[in-house]
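Chemist: Residues per chain are reported as follows:
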Amino acid sequence: GQQLNQSPQSMFIQEGEDVSMNCTSSSIFNTWLWYKQDPGEGPVLLIALYKAGELTSNGRLTAQFGTTRKDSFLNISASIPSDVGIYFCAGVYGQNFVFGPGTRLSVLP
Amino acid sequence: NAGVTQTPKFQVLKTGQSMTLQCAQDMNHEYMSWYRQDPGMGLRLIHYSVGAGITDQGEVPNGYNVSRSTTEDFPLRLLSAAPSQTSVYFCASRKNYNEQFFGPGTRLTVL
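So the protein sequences, as listed, match chains L and D.
First residue of the first sequence: 1, per my numbering; consecutive thereafter.
First residue of the second sequence: 110, per my numbering; consecutive thereafter.
Bound conformation, chain L alone:
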């Protein structure tokens, strides 16, 4: 079946640093979604991207829909302790949602 790869798998950063992570696939998607999951909670939708090349921001978060439609990128600027969690990407094609394995972010004070 379809699979998504996320990199890095995990990252440790200092508070205040910027973060970049990406999601890649061998398949084309019509929509890319980025979710954040806090420990013991369900994933929360952060950003939705609907068009190739689209760049969308949500506060300190910025995500891009790759021009090939096979990848997407998420950047977090000026990280803070509450950014800690697992970030998931999801590619959507028709009614099919495919989720990546997640990038685990740790923020050191």
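Just so you know, these hints were derived from the structure itself, not from any lab.
Watch out, some of these pointers could steer you wrong.
Unchecked claim - Which residues of chain L face chain D? A partial, calculated answer using Cβ under 10 Å:
{"hint": "1", "residue": "P8"}
{"hint": "2", "residue": "Q9"}
{"hint": "3", "residue": "F12"}
{"hint": "4", "residue": "T31"}
{"hint": "5", "residue": "G40"}
{"hint": "6", "residue": "P43"}
{"hint": "7", "residue": "V44"}
{"hint": "8", "residue": "Y50"}
{"hint": "9", "residue": "A52"}
{"hint": "10", "residue": "E54"}
{"hint": "11", "residue": "C89"}
{"hint": "12", "residue": "V92"}
{"hint": "13", "residue": "N96"}
{"hint": "14", "residue": "F97"}
{"hint": "15", "residue": "G100"}
{"hint": "16", "residue": "P101"}
Don't be surprised by glycine CBs; every beta carbon is placed ideally from N, CA and C.
Got chain L; can you put chain D on it based on the hints?
Modeler: Just chain D now, kept in the frame of chain L:
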């Protein structure tokens, strides 16, 4: 709106026992889904529903049953629990094709 709610939050079963995980949404969403989340893996689709009375299998349906008698509720039944079903289960709902909202999850351990 409460969004998507799930009960129980935690559950421990013995092998062979059956149980039902409850899911409800108050957003009048047509689409509802059940996923399981295992370490190092993405969310995997178990079953889904496109409306009351309509359900279908996802990627990993074996050992699970669902029904959808109302728009609001979408329970997941484990028929005979096995250790391989130890996981975190998430219910999700959506109005359109794209923005899917998740419940807080049920953490299930099968001994």
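Chemist: List, from low to high, the hint numbers that the structure doesn't satisfy.
Modeler: Per hint list: 1, 3, 9, 10 violated.
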